[in-house]
Amino acid sequence: MDPQPQPERRSFLGLMIGIINTGIAAFMAVTLGRFVAGPKTSTASEPEWLDAGSISDVPDGKPARLNVTVAQDAGWAQFDNQQSVWIVKKGDNVQVFSAVCPHLGCSVNTNANGFICPCHTSTWNINGQRMGGPTLRGLDTLDHKIEDGTLKVKYQFFKQGLAGKEPIA
Amino acid sequence: MRQTFSRAYDWCDERTGIRTLIRHALDEPIRGGARWAYVFGSILVFLFLLQVVTGIFLTMYYVPSADHAHTSVAYIQKVIPGGSMVRGLHVYGASAMVIFLFAHLAQTFLFGSYKGKRELLWGFGVIMMLIVFGFAFTGYLLPWDQEAYFGTKVGTSIAGEVPVVGQFQQHLLLGGNNLTTLSLSRFFTIHTFLLPTALVLLIIGHIYLFRVAGAAGSFSVRNDHKVELFYPKQLLLDSVGILLVFLGLVWMVYKIPAQLGPQADPTSDFLARPPWYFLPLFELLKYFPGKLSLIPTVILPAVLFGVLFALPFFDKRPTRNPLHRPLATTLMVITILGSVGLIVASKYQDRKDPDASAKLKKQEEDSQAFLKAEFKPEEIGKKPEKSAPGAAAATIKGEPPDPYTVTCSLCHGDHGEGAEGLGPSLVGITSKPNRTKEDLLKILNDPRSYGLKDPMPANFPDLSDADKHAIVDWIGAGK
Chain A
6 MDPQPQPERR SFLGLMIGII NTGIAAFMAV TLGRFVAGPK TSTASEPEWL DAGSISDVPD
66 GKPARLNVTV AQDAGWAQFD NQQSVWIVKK GDNVQVFSAV CPHLGCSVNT NANGFICPCH
126 TSTWNINGQR MGGPTLRGLD TLDHKIEDGT LKVKYQFFKQ GLAGKEPIA
Chain B
194 MRQTFSRAYD WCDERTGIRT LIRHALDEPI RGGARWAYVF GSILVFLFLL QVVTGIFLTM
254 YYVPSADHAH TSVAYIQKVI PGGSMVRGLH VYGASAMVIF LFAHLAQTFL FGSYKGKREL
314 LWGFGVIMML IVFGFAFTGY LLPWDQEAYF GTKVGTSIAG EVPVVGQFQQ HLLLGGNNLT
374 TLSLSRFFTI HTFLLPTALV LLIIGHIYLF RVAGAAGSFS VRNDHKVELF YPKQLLLDSV
434 GILLVFLGLV WMVYKIPAQL GPQADPTSDF LARPPWYFLP LFELLKYFPG KLSLIPTVIL
494 PAVLFGVLFA LPFFDKRPTR NPLHRPLATT LMVITILGSV GLIVASKYQD RKDPDASAKL
554 KKQEEDSQAF LKAEFKPEEI GKKPEKSAPG AAAATIKGEP PDPYTVTCSL CHGDHGEGAE
614 GLGPSLVGIT SKPNRTKEDL LKILNDPRSY GLKDPMPANF PDLSDADKHA IVDWIGAGK
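Those protein sequence lines, which keep their order, are chains A and B. Numbering-wise, this note's numbering comes out as the position in the first sequence, counting from 1, plus 5. Numbering-wise, this note's numbering comes out as the position in the second sequence, counting from 1, plus 193.
A couple of the hints might just be wrong.
[What the hints assert, rightly or not] Simulated coverage check for chain B against chain A, where a stretch passes if three residues somewhere in it have a Cβ under 8 Å from a Cβ of chain A:
| # | stretch |
| --- | --- |
| 1 | 256-266 |
| 2 | 507-516 |
[As the list claims (entries may be wrong)] Counterexamples of contact, computed for chain A against chain B with all Cβ distances above 12 Å:
| # | residue |
| --- | --- |
| 3 | S16 |
| 4 | M33 |
| 5 | T36 |
| 6 | G38 |
| 7 | G43 |
| 8 | I60 |
| 9 | P64 |
| 10 | G80 |
| 11 | K95 |
| 12 | D97 |
| 13 | N98 |
| 14 | N116 |
| 15 | Q134 |
| 16 | F162 |
These are computed hints drawn from the structure, not numbers from a lab. Just so it is clear, CB atoms sit at the ideal spot from N, CA and C, and this is done for glycine as well.
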């Protein structure tokens, strides 16, 4: 007997083989795609007021760094993370900046004129306005209030590399 | 479009020779023609690939550490979309691999396919069978639930009983003298790196040797003049077989999601039962007390594998028809019937024994309840809640008994509210896992048995039983 079936039959059987294996691959691709994407992140709730510390400890006219404890949802665990904020107090006027560089996310530090990001040397003046370097915007300001001498901050993360400030949901 | 594809294919072919390779793979001659009996090898390759793919994706969330493994598996199972499917395919796929390994072995054994210069091909297969059991054994521990912990404890104890090398290999396997987080890391490494690498190499060798020797084909000489190529008919049969197995697995996962019990608790008296493929040896263990236990755990498996391995070296007669090989066929039937009989006997004994059956039923219910319960994430790095100025921390209602005030209050607070850095709050603690009133009594009798460390004292010689009961009753009433 001829080991080869007729060409038409051969291609029909080939098509069946293709359909079966593509079907299995497609099912796995969809399942694994959903698996990798993970659970839907809950729609951003309004950030909470977090204690940053006593406002009286902040010197006048000079940036001071304070920490807030931010709860982060990491799937199977909930972590408490420390995040830094920069406080600039001038008399009664208080400004609070995120210490995350709006360019690519390094930690912003102070220099003689205001702020500098050590990674790519973006600079800002003491009011957080952009002075130079690759950053497209000023330092990200954070909502804050003072209650009984304690500074409270609504901590948020913002999208990097944009000219405008957009919170990350 | 077609032309572009064809040109791209040509371009690849000129550089890789892929056309010749595919032709060579597909145009394998099968003596006697395509048959359903030959699908098991391809199904095994498919199942292995499925294990590799699902396994790789599971590690995206899994944490091989004793304090997080169980939570991360529960997260995969209960929260991740498709998680129950991916994990279920991996769990049931493992059992399917054992089943089709036996089917493949039985088919090649019955057909006498190990004969005719196929000693190496057969030997590779026998080693691969050992590796598949290695996969099953090491994968079993990874979820770190009760079943995993206690099952593996028994398994590693058996490994420790082997003469001469037993203690050494047990220590090597556990990464110490006990089943700890170090053992889990080790099992994970073996399961996800060492065994897969070994199996991939052996599969390549096995298929290469198979192509060198050629398909043995049917044992009946009459059909031998008929030759069919692997593609398309055998490949179609293989694909249909694979599809049926895959659909069966998916259906199983939908119907009965893979089991996950409560987290391992070394202090509990969990009744461990091995997975079905180890049940025959488990049942045999009951008939061989003391030193004789080596017969079912070590000697019998070693002899069985030794005989299998050596088979093509001493069975050199060209006869392949199972009906003309009464000894081989009888041995196989006895092994299969014996194994099935032992599995049935073990199930029957568990059902007959009222204590065991009640306990196994309770464990099964606990496991179901855990699977249905909502997922609770772990809290990491949480600082004790700072109490708002003026608001008192939560306390246990009512006046504490004197023994509490004398012995416990320094660290756990005057009213069980806890003290930072010293002792946790005891408010409502009896509703937490492993902290029922009975647990608290056991803790007061032996805190270390619950893993409690300094500054919790190792014992309380000054507390009488009545004192302990008074303390526990007060804590329990305050939830």
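Hints and how they fare:
1. 256-266: holds (count 4)
2. 507-516: Coverage by chain A is violated for the stretch 507-516 of chain B (0 residues, Cβ < 8 Å).
3. S16: 8 Å, violated
4. M33: Since the minimum Cβ distance to chain B is about 7 Å, M33 (chain A) lies within 12 Å and the statement is violated.
5. T36: Contrary to the label, T36 (chain A) does not stay out of reach of chain B, its closest Cβ about 4 Å off (not over 12 Å).
6. G38: 8 Å, violated
7. G43: Incorrect as stated: the minimum Cβ-Cβ distance to chain B is 6 Å, not above 12 Å.
8. I60: 16 Å, holds
9. P64: 25 Å, holds
10. G80: 6 Å, violated
11. K95: 28 Å, holds
12. D97: 24 Å, holds
13. N98: Nearest chain B Cβ is 26 Å from N98 (chain A), so the label holds.
14. N116: 32 Å, holds
15. Q134: The claim stands: Q134 (chain A) keeps its Cβ more than 12 Å from every Cβ of chain B (closest is about 35 Å).
16. F162: 18 Å, holds
Going down the numbered hints, you'll see the structure goes against 2, 3, 4, 5, 6, 7 and 10, while the others check out.
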